[in-house]
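Chains as they are written, first to last, in the numbering used here: chain A, 1 to 113; chain B, 1 to 113.
Derived by calculation from the structure, the hints in this document are not laboratory data.
All residues carry an ideal CB built from backbone N, CA and C; glycine is no exception.
Please note that the accuracy of each hint is not assured.
[What the hints assert, rightly or not] Incomplete in silico selection of chain B near chain A, CB under 7 Å:
1) A78
2) P82
3) F89
4) F103
5) T105
[To be verified] Computed, partial: chain A to chain B, Cβ under 7 Å:
6) G28
7) D63
8) P81
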Amino acid sequence: EAGVAQSPRYKIIEKRQSVAFWCNPISGHATLYWYQQILGQGPKLLIQFQNNGVVDDSQLPKDRFSAERLKGVDSTLKIQPAKLEDSAVYLCASSLATQGEAFFGQGTRLTVV
Amino acid sequence: GESVGLHLPTLSVQEGDNSIINCAYSNSASDYFIWYKQESGKGPQFIIDIRSNMDKRQGQRVTVLLNKTVKHLSLQIAATQPGDSAVYFCAEDNNGPGNQFYFGTGTSLTVIP
Chain A
1 EAGVAQSPRY
11 KIIEKRQSVA
21 FWCNPISGHA
31 TLYWYQQILG
41 QGPKLLIQFQ
51 NNGVVDDSQL
61 PKDRFSAERL
71 KGVDSTLKIQ
81 PAKLEDSAVY
91 LCASSLATQG
101 EAFFGQGTRL
111 TVV
Chain B
1 GESVGLHLPT
11 LSVQEGDNSI
21 INCAYSNSAS
31 DYFIWYKQES
41 GKGPQFIIDI
51 RSNMDKRQGQ
61 RVTVLLNKTV
71 KHLSLQIAAT
81 QPGDSAVYFC
91 AEDNNGPGNQ
101 FYFGTGTSLT
111 VIP
């Protein structure tokens, strides 16, 4: 079974630039999560989708972050404009249902300079 | 938000010894917990889970204990191997409408050959 795919693996941008991350969840997984993991910390949930609808985005900084999952499969997470404190690994995860283990991708390491 | 914390940020054990990693959670309504292992440069990987109607669950070389009275989880790894070196996170399902997972800071386990 193919895992959660994310791209790119690494990205370096200057502050105030924009960046986008892509995630392809495991086939058939209705629930998709985006997490932010700052170095030395646990993953922090940014947004959760159930199919193409948002379940929870209470911790998403909506002034600069946006995410979509238009067809209920792939998802993109965008940051515009980026700040230095956005440097982190952005993890995508998916699960078969709203309760049950989440499977994680390898993440995208973002460095904002 | 919920607070999931770990008692020890680092743990070093001799190869072959047993390891115990502890985790405290704060939301008494949480009904599902997962232990994840994260190796350097990779996303978190599921190890074992437990629901709140259980107090112990065993897997291959791993055991999770849940004490709801004091809101405490532990992960026991038997006969620890060098491949077990990683950061371990407990994640708490907040039992909300979307079942979001909240992660602790993590414990870094180092196995000494």
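Structure-based check of all given hints:
Because the beta carbon of B/A78 sits about 22 Å from the nearest beta carbon in chain A, more than 7 Å, this interface hint is broken. For B/P82, the suggested interface contact is broken, since its CB lies about 22 Å from the closest CB of chain A, more than 7 Å. Contact between B/F89 and chain A, as hinted, is supported at the beta carbon level, the nearest pair being about 5 Å apart and thus within 7 Å. With a least beta-carbon distance of about 3 Å to chain A, the hint placing B/F103 at the interface is held under the 7 Å criterion.
Satisfaction of the interface hint for B/T105 is found here, the shortest Cβ-Cβ separation to chain A being roughly 5 Å, below the 7 Å cut-off. The closest approach between the C-beta of A/G28 and any C-beta of chain B is roughly 17 Å, which is over the 7 Å cut-off, so the hint fails. With 7 Å as the threshold, the beta carbon of A/D63 stays out of range of chain B, its nearest partner Cβ sitting at about 19 Å, so the hint is violated. Contact between A/P81 and chain B, as hinted, is not supported at the beta carbon level, the nearest pair being about 26 Å apart and thus beyond 7 Å.
Of the numbered hints given earlier, the model fails hints 1, 2, 6, 7 and 8; all others are met.
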